[in-house]
Amino acid sequence: GEDVEQSLFLSVREGDSSVINCTYTDSSSTYLYWYKQEPGAGLQLLTYIFSNMDMKQDQRLTVLLNKKDKHLSLRIADTQTGDSAIYFCAEVDSGNTPLVFGKGTRLSVIA
Amino acid sequence: GAVVSQHPSWVICKSGTSVKIECRSLDFQATTMFWYRQFPKQSLMLMATSNEGSKATYEQGVEKDKFLINHASLTLSTLTVTSAHPEDSSFYICSAPLHTEAFFGQGTRLTVV
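Protein sequence lines, in the order shown, are assigned to chains A and B. Each residue of the first sequence is one higher than the last, beginning at 2 in this note's numbering. Each residue of the second sequence is one higher than the last, beginning at 5 in this note's numbering.
Just chain B, same shape as in the assembly (with noise of 0.2 Å):
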């Protein structure tokens, strides 16, 4: 099937500062990508939608000028954590559709300190 490939795997970070995850669809070109957050034995929730060469669309509650996000070509889209704080602290997966199918990103666990 499809890949996508999610970095880093993991970081920690200090308060404060900012951090950048990658998502890439290594064999397949995606115009949307959607980023997700999951919290502890939490479902999945989705944060934004991203769209190659247009604005990302955000939900209902999440901050677009603290979670920054680029789809800068057909196969990246990147997620900015701006001025990271400990409620940051969850595991963000993305996945880019194809087809009938998702295809997720192995996920970053961020945790801020």
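Same shape as in the complex, but just chain A (with noise of 0.2 Å):
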């Protein structure tokens, strides 16, 4: 089945940028999402990429996409406190298809 990696743990200090990876294996994949879960709630979208494009950007959050290793990362500039989460890729084939998710990466950001 599909499979989304991701790593665990990353810790940054504030101010600086941070680059969240994820790969997967579905290479139907239509769509790719960033999740973040902040402690005890449940997922706020941050953003998506189509598979036909390889770069979206949106204020602090750039998100780059190799489809031909497929790859897939979250840049998120001055980094701040509250960016603390756990931050999900997530690729899905179609609209009516469930996501299927990586084991989140948990950011913690240093002040």
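Quick caveat, the hints were computed from the structure, so don't treat them as lab data. Here the structure is a predicted model, which is why all the values come from computation and not from measurement. Ideal placement from N, C-alpha and C gives every residue a C-beta, glycine not left out. Just so you know, not all the hints are guaranteed correct.
Unchecked claim - For lysine-lysine, the following DSSO-like pairs were computed, each having C-alpha atoms within a straight-line distance of at most 27 Å:
(1) A/K68 / A/K37
(2) B/K59 / B/K24
(3) B/K59 / B/K70
(4) B/K45 / B/K18
(5) B/K70 / B/K24
(6) A/K57 / A/K71
(7) A/K104 / B/K68
(8) B/K68 / B/K45
(9) A/K57 / A/K37
(10) B/K45 / B/K70
(11) B/K70 / A/K104
(12) A/K37 / B/K45
(13) A/K71 / B/K45
(14) B/K70 / B/K18
(15) B/K45 / A/K104
Claimed, not checked - To give a feel for the contact side, a few chain B residues facing chain A, derived at Cβ under 10 Å:
(16) Q10
(17) T36
(18) Q46
(19) S47
(20) F71
(21) E91
(22) D92
(23) S99
(24) F108
(25) Q110
(26) R113
(27) T115
Stated by the list, open to error - Restraint ranges, calculated between C-beta atoms of paired labels, are given here:
(28) A/Q45 / B/T84: 23 to 29 Å
(29) A/Q81 / B/S13: 24 to 30 Å
(30) B/F32 / A/E15: 34 to 40 Å
(31) A/E3 / B/H103: 17 to 23 Å
(32) B/M49 / A/Q60: 28 to 34 Å
(33) A/T98 / B/H11: 22 to 28 Å
(34) B/H103 / A/H72: 21 to 27 Å
(35) A/D70 / B/S13: 37 to 43 Å
Hints are included, so try docking the two chains, each in its own frame, into the full complex.
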């Protein structure tokens, strides 16, 4: 079946950039997503990218997609303490199929 | 964006009792909803796909008689954990797709004592 892999932990200093990486195996992925989960809360969609794009920028967030290598990254510029959370990478084939999630990367921001 | 409302946010129940969790799409219709379970420090695992007007589809290893799913209308799906046991304690979360996005409920933290 499809698999999505992420590193489990990342620690950065406040003001630095964070880069969270993700690899996936499904070659028919249509959309790739980044979700943020704060402690005890549900999932918040941060951004998504269509598989025929290689970059998307939204304020402090930059998503890079290397479809050939099936590699997705999320860069957070000027990381703040409020960015501390777990970030999930997810992929989907089509609109009515469930997302496949990575295990999540716990981002810790040190003041 | 679209809103999916999930209730309750948290529930504590005694072993052997049943708990119902509701998932509502507030401003759009969802013929399909997904139910996920998340154990501490782990990822979300798909439990089942809820289909309006037909039976739910369960993932391998998920007991359909224990986790009853009812998709009563185009805006409501319910998950009932029957005869709950402590090992069912987890974070349950629903989502509903709309176009290119999946909208998630707030999640329900179930603790079985």
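Do the hints match the structure? See the list:
no., hint, verdict
1, A/K68 / A/K37, "holds (23 Å)"
2, B/K59 / B/K24, "holds (17 Å)"
3, B/K59 / B/K70, "holds (15 Å)"
4, B/K45 / B/K18, "holds (24 Å)"
5, B/K70 / B/K24, "holds (12 Å)"
6, A/K57 / A/K71, "holds (16 Å)"
7, A/K104 / B/K68, "holds (25 Å)"
8, B/K68 / B/K45, "holds (25 Å)"
9, A/K57 / A/K37, "holds (17 Å)"
10, B/K45 / B/K70, "holds (24 Å)"
11, B/K70 / A/K104, "holds (25 Å)"
12, A/K37 / B/K45, "holds (14 Å)"
13, A/K71 / B/K45, "holds (25 Å)"
14, B/K70 / B/K18, "holds (16 Å)"
15, B/K45 / A/K104, "holds (8 Å)"
16, Q10, "holds (7 Å)"
17, T36, "holds (5 Å)"
18, Q46, "holds (7 Å)"
19, S47, "holds (4 Å)"
20, F71, "violated (15 Å)"
21, E91, "violated (20 Å)"
22, D92, "violated (18 Å)"
23, S99, "holds (7 Å)"
24, F108, "holds (4 Å)"
25, Q110, "holds (4 Å)"
26, R113, "holds (7 Å)"
27, T115, "violated (12 Å)"
28, A/Q45 / B/T84: 23 to 29 Å, "holds (27 Å)"
29, A/Q81 / B/S13: 24 to 30 Å, "holds (26 Å)"
30, B/F32 / A/E15: 34 to 40 Å, "holds (38 Å)"
31, A/E3 / B/H103: 17 to 23 Å, "holds (21 Å)"
32, B/M49 / A/Q60: 28 to 34 Å, "holds (31 Å)"
33, A/T98 / B/H11: 22 to 28 Å, "holds (26 Å)"
34, B/H103 / A/H72: 21 to 27 Å, "holds (26 Å)"
35, A/D70 / B/S13: 37 to 43 Å, "holds (40 Å)"
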